[in-house]
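Let chain A serve as the given structure and place chains B and C on it in line with the hints.
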Amino acid sequence: MNPLIPLFVVIPLASAFLIMIIGRFFEEFNKYFTSLVLFFLACISFYFLFITGENIFVYKVGGWEPVNNVPIGIYMVMDGFTVIVICIINLIGFLSAFYSISYIKRYTAGNYFYALFCLMIGGMNGVVLSGDLFNIFVFLEISVISSYALVAFGVESNELEASFKYQILGGLASFLILFGIGFIYWKTKTLNIADIKEAFSNGYDKTSYMFIQIMILSGFGLKAAIIPFHAWLPDAHSSAPSPISAMLSGIFIKAVGIYVIIRLFFNMFDISSGMAVLITSLGTLSMVIGVFLAIGQWDIKRLLAYHSISQMGYVVMSTGIGMILISRGTKPEIASLAIAGGIFHLINHAAFKGLLFLNAGAIEYTIGTRDLKEMGGLSKSMPLTSSTSFIASMSISGVPPFNGFFSKLIIIIAAVMAKFYLLAAMAVIVSIITLASFLKFQRYAFFNKSEPVKYKNIKEVPFPMGFSMVVLSIICVLLSLLVIPEIRDAILTPAINILVDPQKYSSSILVQ
Amino acid sequence: MKGMTLIVKKTTQLIAGMIFMYGIYVIVHGHLTPGGGFAGGVVIAGSLILITLSNGGDFLKLLKEESGTTIVESLATIMVIVIAASGFLFGTKIFFNNFLPKGIVGHLLSAGVLPLYNIFVGTEVAASIFIIFLSLIIFKEESEK
Amino acid sequence: MIAYIMCFILFLVGLYGVITRRNLIKIAVSLSIMEISTFLFFALVGYIDGGVAPIVDPAHPAKVYVDPLPQALVLTAIVIGLATTAMLMAVIIRLYRKYGTFDIREIRNLRG
Numbered sequence: 001m002n003p004l005i006p007l008f009v010v011i012p013l014a015s016a017f018l019i020m021i022i023g024r025f026f027e028e029f030n031k032y033f034t035s036l037v038l039f040f041l042a043c044i045s046f047y048f049l050f051i052t053g054e055n056i057f058v059y060k061v062g063g064w065e066p067v068n069n070v071p072i073g074i075y076m077v078m079d080g081f082t083v084i085v086i087c088i089i090n091l092i093g094f095l096s097a098f099y100s101i102s103y104i105k106r107y108t109a110g111n112y113f114y115a116l117f118c119l120m121i122g123g124m125n126g127v128v129l130s131g132d133l134f135n136i137f138v139f140l141e142i143s144v145i146s147s148y149a150l151v152a153f154g155v156e157s158n159e160l161e162a163s164f165k166y167q168i169l170g171g172l173a174s175f176l177i178l179f180g181i182g183f184i185y186w187k188t189k190t191l192n193i194a195d196i197k198e199a200f201s202n203g204y205d206k207t208s209y210m211f212i213q214i215m216i217l218s219g220f221g222l223k224a225a226i227i228p229f230h231a232w233l234p235d236a237h238s239s240a241p242s243p244i245s246a247m248l249s250g251i252f253i254k255a256v257g258i259y260v261i262i263r264l265f266f267n268m269f270d271i272s273s274g275m276a277v278l279i280t281s282l283g284t285l286s287m288v289i290g291v292f293l294a295i296g297q298w299d300i301k302r303l304l305a306y307h308s309i310s311q312m313g314y315v316v317m318s319t320g321i322g323m324i325l326i327s328r329g330t331k332p333e334i335a336s337l338a339i340a341g342g343i344f345h346l347i348n349h350a351a352f353k354g355l356l357f358l359n360a361g362a363i364e365y366t367i368g369t370r371d372l373k374e375m376g377g378l379s380k381s382m383p384l385t386s387s388t389s390f391i392a393s394m395s396i397s398g399v400p401p402f403n404g405f406f407s408k409l410i411i412i413i414a415a416v417m418a419k420f421y422l423l424a425a426m427a428v429i430v431s432i433i434t435l436a437s438f439l440k441f442q443r444y445a446f447f448n449k450s451e452p453v454k455y456k457n458i459k460e461v462p463f464p465m466g467f468s469m470v471v472l473s474i475i476c477v478l479l480s481l482l483v484i485p486e487i488r489d490a491i492l493t494p495a496i497n498i499l500v501d502p503q504k505y506s507s508s509i510l511v512q
Numbered sequence: 001m002k003g004m005t006l007i008v009k010k011t012t013q014l015i016a017g018m019i020f021m022y023g024i025y026v027i028v029h030g031h032l033t034p035g036g037g038f039a040g041g042v043v044i045a046g047s048l049i050l051i052t053l054s055n056g057g058d059f060l061k062l063l064k065e066e067s068g069t070t071i072v073e074s075l076a077t078i079m080v081i082v083i084a085a086s087g088f089l090f091g092t093k094i095f096f097n098n099f100l101p102k103g104i105v106g107h108l109l110s111a112g113v114l115p116l117y118n119i120f121v122g123t124e125v126a127a128s129i130f131i132i133f134l135s136l137i138i139f140k141e142e143s144e145k
Numbered sequence: 001m002i003a004y005i006m007c008f009i010l011f012l013v014g015l016y017g018v019i020t021r022r023n024l025i026k027i028a029v030s031l032s033i034m035e036i037s038t039f040l041f042f043a044l045v046g047y048i049d050g051g052v053a054p055i056v057d058p059a060h061p062a063k064v065y066v067d068p069l070p071q072a073l074v075l076t077a078i079v080i081g082l083a084t085t086a087m088l089m090a091v092i093i094r095l096y097r098k099y100g101t102f103d104i105r106e107i108r109n110l111r112g
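Chains as they are written, first to last, in the numbering used here: chain A, 1 to 512; chain B, 1 to 145; chain C, 1 to 112.
Since the hints were derived computationally from the structure, they do not count as laboratory data.
Be a bit skeptical, because a hint or two may be false.
[What the hints assert, rightly or not] If you want a taste of the chain C side facing chain B, the calculated C-beta under 10 Å gives, among others:
| id | residue |
| --- | --- |
| 1 | R21 |
| 2 | S37 |
| 3 | I55 |
| 4 | L75 |
| 5 | T76 |
| 6 | I78 |
| 7 | L82 |
| 8 | A83 |
| 9 | A86 |
| 10 | M89 |
| 11 | A90 |
C-beta: ideal position from N, C-alpha, C; glycine also.
Isolated chain A (complex conformation) (with noise of 0.2 Å):
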């Protein structure tokens, strides 16, 4: 019972209700401490990270101890996989805030955002810690209706437009959430994500069993913005301000939709083969429609949303591969092959369209526009911004030696040594594509050969922004370390094997 596990979540939500407070008599206190308590957060992260190897480890809240084996508390729950997300929710959450420093001064109502920053990191947490089925739905909770006051920040008629339509589906999903849990409860009266298992283990009716699964999937299928869901996401991530839209293109989608999905389809449930068809055509279609949806766009934060989107699919469709080969009960080291190249590329694409979505801020800062026709010639004026604009767009098209070859290439090898030749052909098209979108932007945004005549005084961003720009950066060039077999070893291993071996998961937590 680690003491420091219940603190990522009460930290947030109590520094959120103090810069109320505080925050209503010393004007510059909130920015300050927003970054150190979340810094304070990443340092403890990083600490897990080491400590945290093969063993789980389980914190009781309240103390209630099982009864007759049977457990009646709620639990949190860290292990391997759980260890690599809680290191990109604090991580990046602290450099989106040290952005926001200077960021902010476009908005009056500094306080609100802060406080609401702290509720949505706090809410996160929660949801990746938690492992009972009812405490993830009330933390997504907590952080969804965060993340829409978020969004409508600056009250312009696109932000509210785009606020309302996201709340709309956003309730849906919600709903579809808690239908699928009372459902849960009706056949096998218990919430531990745990118990559960040995609870389906008995025998279950095969046609609830499937309803059960599709109301899931399509509950938090909603939440990752996975097509045919995906209707929400342009709006929202373009609309809000540009610190939001890198924690939300950057790790909302994955930590209450991705991270939720893989967990219970891989903990919870038993895979048939019908549901991992389902969930592997799903993530290609999203691959292939995102990346021709976005190639038309001339505003770069719509650029950049669907471009989520297809990233979004490579992960669903390399998790699916692994799915697919573990309903069929052969060749398991393909399978670990394929979930290692998805979990490595969720990670790549936390680094890298963080920090595009922060460049763009950048140069809407300086200049005003988001629109491409509109700008040229910045990269002799703001040569920080453009040099980590390259290194992060040549990062998503996958080129060495930045991150995003060496994810790619292992899903790409997955694909083929399984013998799914058309998916690893699609694969490869779709990142030839995502490159071209990606020389048109740095085309038109930096290395314009006529610079107009309006963009003759610009200088280069603040030091926050910069900072925080330069940090991403470096860490993008740092994560193609993990291909080598100790690190990978470290880090990868402990959370594949977790999610591979159907047994180790409940029966470690059922005996502590």
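Same frame as chain A, but now just chains B and C:
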């Protein structure tokens, strides 16, 4: 916003006190009868909204009320987290532990920390719903000036 | 059995409202009705035949109590539904100031 006529003002002054006492009864007996923090908080907020609607108030007075209520709400939430964390410091090292002595079943002063949780959660819910109501009215007043 | 059919009818009424109504406030109220159908389903799941309300009275002990866990879950979910509806109403009021209409067909700035 304008207030209402004299008859409405006097009637609500009589009734709002009784609704407030009923809300406090629902909160404090949360471990014995159905109700507890949430339901009692909503009832208290109902009585506060009734008084504001019948008396009216101009723009600056509503702004002062809103800033005071925000401080009450934030303080109540921090007290809930402090009580949860104090299970960590006194007694065993676990959050949300029930560490005060539990009395006899059915009496008012029993069940450890539960009455304290109910009181603070009730205060916070009442303050939140009152702030929602005040914000909507302030927005309408501000855009009509 | 009749109660489960009532849940389903409430859900269909809410879904019809979200899809076909044009007024913004009617869409918000229909979303709220859809969530209420889930609360009714949760409360029905915990029913045991012949049980009484789950409050322990030392003077009159009963044999069978109804399951109290879904009732606690519904209480939490009602408060979450309240927060969602309040957030939606705040955005709708500001939308009315910006666009001047409650009709959802007029609010189409973001396309493509």
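Here's how the hints hold up against the structure:
{"no.": "1", "hint": "R21", "in the structure": "violated (22 Å)"}
{"no.": "2", "hint": "S37", "in the structure": "violated (21 Å)"}
{"no.": "3", "hint": "I55", "in the structure": "holds (7 Å)"}
{"no.": "4", "hint": "L75", "in the structure": "holds (6 Å)"}
{"no.": "5", "hint": "T76", "in the structure": "holds (8 Å)"}
{"no.": "6", "hint": "I78", "in the structure": "holds (8 Å)"}
{"no.": "7", "hint": "L82", "in the structure": "holds (8 Å)"}
{"no.": "8", "hint": "A83", "in the structure": "holds (9 Å)"}
{"no.": "9", "hint": "A86", "in the structure": "holds (5 Å)"}
{"no.": "10", "hint": "M89", "in the structure": "holds (7 Å)"}
{"no.": "11", "hint": "A90", "in the structure": "holds (7 Å)"}
Against the hints set out earlier in the document, violations occur for numbers 1, 2.
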